[in-house]
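J.: So the chains spell out like this:
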Amino acid sequence: MSYFPSTGAVAVPFPIPETLIPEHWKSNKVCVVSIIGKSSHSGFTSKASKFNNVLDAEAFQGVSKELKTLVNKGEIECYYDGDNNVVYLHHTSLHDTYRLSAVCEQMKNASEKELQGLWQQEECHYAKCMLFLFQVSHLIVISHPGSSFDTTYVRLFRILDSIRVKTQKCVQDQIASLGVSPDWKYNARPCSPRVLFLFEMSTLEFDSEEAVDNSAYRSKPQKISTVKRLQHCMEDQIYKILRKSRVITNISNNSLFAVPANQEFVFLHVCENEAADPVKFFLSQLRENITHTVGPKKGPSEGQVRFKEFLWQHIEMALTKGFDDNVGRHQVAAHFELAKSETWFNLAGRLYAMFFGDKVDAKLQPHWNTLKSLLETDRRFSENRCNKVLPLAESAYQENLPTHYVTAYHLSKLAHAKKVFTQLARGPACDKYLNQLEESCDTFWKNGRQLCEETSLTGNHCVNPLHRTDDDIIAPSLSHLPMMPHSSQLKMVAACNCGRRIEDKEDPFTHKVANFDFYEKLKETCCGTLESYAFPVFKPSTLDIKAATLAFTSPQTKVRAPIRSGDLEAIKTDLTAATQGMATLSLALSLSQPGSSDLFVANNHSNCSPLPDQDSVSNPPDHTDVQSPASPECLSPARQHSTTEYLPGMIHTDSPAGLLPKFPSWSLVCLGKSSIYNHNQGLEMPGFLPGSNFLLPWDVTVQAERDKWPTVGESSSKRDKWPSVGETAVKKGKQKKSSRGKELVEVSLRVYLGEEYECPRGHRFCCSGPEKVIKVSSTSSVKDNANKLVNLDMPLYCPCLHCRSSKGYMAQMMRIYIVTPDGPLQVSVNPLVQPAPHPCPTFHPGVGEEIDLTPASVWVLRLPSVYMGDEGPYTIPSDAAQLPACRLLKGTFNFKEMTSE
Amino acid sequence: TFLQRTIESTSKLSLPLELSRCVKLIDDQSQWCEQASECLLEQTDFLVVGVVGLQGSGKSTVLSLLAGNTEADPLRNYIFPAQTREVREECGHMTNGIDIHVTSQRVIFLDTQPLLSASVLDQLINNDKKIPPEFTTSENFAEIQCLQHVMFLLTVCNVILVVQDWFTDTALLDFLKTAEMLKPSTPPSPGHDGTSTADDQPDFFPHVVFLQNKAKREDFTVENFTAMQKTLSTVLGNSKLKMKGDVAMTTGRQSFSLNPAFVKSELNMFLLPRFDANKRESTDQLQPQVREYQGHPSFQTLINSLRGQILSMPREQQTHTTLTEKNWFHYAARMWDSIKKSQILADYNRLLP
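Chains as they are written, first to last, in my numbering: chain S, 4 to 904; chain U, 22 to 374.
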């Protein structure tokens, strides 16, 4: 039997443990035959299957599914034909299509890059395997699945030969201690191996016009068959090509391999291989049986017989006299040697370990690197190309760069540079260099060219290079940056809290600067001395204070949705429900907000309790008791503000109760006695557009004791002169007696209201209604009244008349003036601002109720200049159609009668 | 002068010269040949189909069959001459340079000399003087020449058939990748402002159809067909060539075992069995009653299906401006010239070991 006894009659992966070799074969001298090359996609045969017939055993299996994994383990299969003293080696690689397709199958979801890497690795490994086989074999069969010589081998052979010479020294050292002859040691191989070329297809095979001449296989010296002729042509062709490229030389010892001079070294498989397609084979068998064609029992096919003959003539020669493939006049003896199988297996194992072991010899490594670089022409080309192009792409990035720029600009420049790169770069190294490009551009940008990314609350970029500000927590990574405040270098003009003084205002980057710091600074020079209303602010109880984290869970948001929406109907029903059955509602709320307490609910409602007053304002005579809709619960809010956490933003309907901001964004100051307002002259403040500095009269009728409150008619008789403010304006006839007997009269009192808009350039004007700027010529007087201000939602933004032509600045409502009359009238304000279209919370000062204003005074309510929501500021919508949705809700102004008691 | 004008106008109206055989476009000396220009029209609706493959894989035969020959035609009448018996006996090659043929359906077929061919290399060696000094070895020269041909096809064809007679030579696939890498970029359209127009227009890449010629019975099984598609699409995964969704085995009547229900991949891959096999079978008089099982539709069905699918492929523009057939011819001549002088290719050649 001829196999490794312990494994059965199949080939085993190389290298083989010594224990596998039977003792009685160890001293036999062996000839080593390797088969290398490519193979086509076939499920049943491999390129070594042809040996099976030579061996009369199914030594080299096909590659059906189950075997695939097994086969993939080792790249060299080994079979030792002990009886005939031949060792067969079968080399497989990705050039064997079944292996390639198995690898591709495994890569189902892997990226193609992986295959690229694998391919490179494999290419080098493949060459090393070839080199290994060329150094241990006597006979090498190169299998071609096609019908003509594969010219890509030529370059590979040249590369292998140069590497073989370079590594010869290392191999010599490696085999020095083994029992081989000095010649073998010197040449580092047993002989210059003889190479045979095997073609699995032939162009002649299926010629229909002339059936294949079977007699070709028998020796007919007088008539050379067409197949033979082709075979000889191919031998000539191959020899010429290899000789020309100096792969084979006249002295076989000097070349990688040799071909025999006087023997056939090309074999054409003209007949179809039956094992390649068993289905077809069985079908033809079946057909023969059905048709009862009696014919001679077929032995092995002609082609197989012929291949055995072809191969054996070479093996026999190797086992007897050895090869001498030298040609020409130089009579140098060709070196040829056989080794004992034990020695050979030992030696091959050593070499294999040296070539492919985990530990790479330091002397060998440079040669492997050379080999790798010789094989990777495409990659080297691509690397060179990309290297050349990279600076071009980088300069494309750096072209026309400003000194500092933001991420978006960086990215657009980078995209441009990448485009330049991909247009010029070629090949597989592109990705690597693209990453390099990205990195280098990124470094270039980050190396002092970053612009501060902060945008001001008005949407302008900070123009300073990347920097720190006082407020930043100093992280080590930022410590190298210069310290400076944000600045967009845009200057606006704004008036102070009371409106009497105008100052330049920096484009604000925080709402504290916008709504507090600026005005606070002006206080020193202007309105600091005025009486002002103290808005609720956070009062720390400890040093350890922090901003509260605002996290809204969805159920809460859902419940609150109608309130936030600003949909008045919804709020009304909601609050009607609240008044009628507060218990039910709060139960529902507390159920739906598992995390929140009832207190929260109460507070929540108390915060927005003033909302329903809009109803009362729209019909003042019907609702004298302003507070009536609010439930008692809401009137006594259980306000327990946190003293350790503050509200980072501004108070609005969505902010959690119990939190207060660190500073007020609103301001309410009293300019002084109502008498300082002269309705003929209007407000005497800087920045007003001419003729639009007038407040509007709002006449309110209250019941009053006749004696106490003199009517207008009595105090001022001259009709042409405007009544002085604070006096009752009109007395309406009806008089009736109070229950207590005192005489009550309906007194008409006049309140002056004004809503002032201010544009970024400091232009100011008052409006009499939505988008209706008051314009009074110098000769006439104000005709409008304040009804629209009282009864309508007023837009938060109004185009500035003065700026309209140039850039179309929008003026924003900044101040509300209220001149309260001297009379039994309690005027109060309750500003509610919805600064953006739905969805947007409603902002309010956080007082929780209306703010009563003292009578006979001029009050100025300054609105926030920036409305800071939880997710950023609500700026002027760019879409003009959304402008009306940003508004001061109606119901800002309320009044109630003051009872004298 | 009247007579002259009459002659001119009639010559304008007359149909272009229609030839029964191909003519040379690029000869074996890499020189451009002008004679094909007579067959071309001043119209813009045309398709250019090229073919590449190894020696003896059946490029000329398949292209002839697509261009109008039928299987019944004797080989010598083929539009693109296939290897004659003598040539095959010498393991020679038939096509040198690039041949061109224009059909009445306005399809321009380009046949090329075999890639990586031993016979071409052999010829080069026999004519040693032809190899210019910048090429270190003859096989490098042969390779660069092949690369020029494929780069040219990648530039001027709408469809490229990659014909293989066994599956699959990794050298051929590598070669395609290299040619794609070296392919000249599509020249920018001559806009008035010059620079801006070229920037946003992507390079032109042709559609590629893999044609498995002389396919065996087992190649038609779902398992093998899927594996072959998977292999090709993975190996060429990085390529920008349009390889998907144009040509399928699984459409129409030929869907036998390769049913769309089983074969998911959409790679342009088509199998053609040996076409001589049918002939031989019909002459097999011994067992006329039992037909041999072949496991695939007849050659005729398949080649008809392929022809239909190829001819209906999108006729995309190869440049940023619309070309007429004659313009295309001039464009192709210009591109061939630039490929011959390509700096990129010269750089590549310098790196070849």
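If you are wondering where the hints come from, they were derived from the structure by calculation, not from laboratory data. Computed from a predicted structure; not experimentally measured. It cannot be assumed that every hint is accurate.
[Unchecked claim] Far from chain S by the CB rule (all over 10 Å, computed), these chain U residues: (1) L75; (2) E110; (3) N147; (4) A248; (5) T255; (6) L332; (7) E337; (8) D368.
[What the hints assert, rightly or not] Dumping the calculated DSSO-like pairs for lysine-lysine here, alpha-carbon to alpha-carbon at most 30 Å: (9) U:K45 - S:K435; (10) U:K45 - S:K421; (11) U:K361 - S:K391; (12) U:K361 - U:K45; (13) S:K524 - S:K665.
[Stated by the list, open to error] Now the stretches of chain U that chain S is said to cover, found in silico as 3 or more residues with beta-carbon under 8 Å: (14) 174-188; (15) 192-206.
The beta carbon of each residue, even a glycine, is placed where N, CA and C say it ideally should be.
J.: State for each hint whether it applies.
T.: Status of each hint after checking the structure:
A cut-off of 10 Å between C-beta atoms contradicts the statement that U:L75 is not in contact with chain S; the least separation is 6 Å. Non-interface status of U:E110 relative to chain S is broken: a Cβ of that chain comes within 10 Å, the nearest being about 5 Å off. Distance check for U:N147 against chain S: the nearest CB is about 8 Å away, which does not clear 10 Å, and the non-interface claim fails. The Cβ of U:A248 sits about 5 Å from the closest Cβ of chain S, inside the 10 Å cut-off, so the non-interface label is violated.
Not every CB of chain S is more than 10 Å from the CB of U:T255 (nearest about 4 Å), against its label as outside the interface. Every Cβ of chain S is farther than 10 Å from the Cβ of U:L332; the closest lies at roughly 28 Å, confirming the non-interface assignment. Every C-beta of chain S lies more than 10 Å from that of U:E337, the closest at about 20 Å, which supports listing it as non-interface. At roughly 7 Å, the least C-beta separation between U:D368 and chain S is not larger than 10 Å, which violates its mark as non-interface.
Simply put, U:K45 and S:K435 have alpha-carbon atoms about 42 Å apart, too far for the 30 Å limit, and the pair is violated. The hinted pair formed by U:K45 and S:K421 fails the criterion: a straight-line CA distance of about 41 Å is larger than 30 Å. Using a Cα cut-off of 30 Å, the hinted pair U:K361 and S:K391 holds, with the two alpha carbons roughly 22 Å apart. The suggested pairing of U:K361 with U:K45 holds, with an alpha-carbon distance near 17 Å, which does not exceed 30 Å.
For the given pair, S:K524 sits about 17 Å from S:K665 by alpha-carbon distance, which is consistent with the 30 Å threshold. With 3 residues having a beta carbon nearer than 8 Å to a beta carbon of chain S, the stretch 174-188 of chain U meets the requirement of three or more and the stated coverage holds. Here's how the stretch 192-206 of chain U fares: 7 of its residues keep a CB closer than 8 Å to some CB of chain S, so the rule of at least three is met and the hint holds.
Consistency note: the structure conflicts with the earlier hints numbered 1, 2, 3, 4, 5, 8, 9 and 10.
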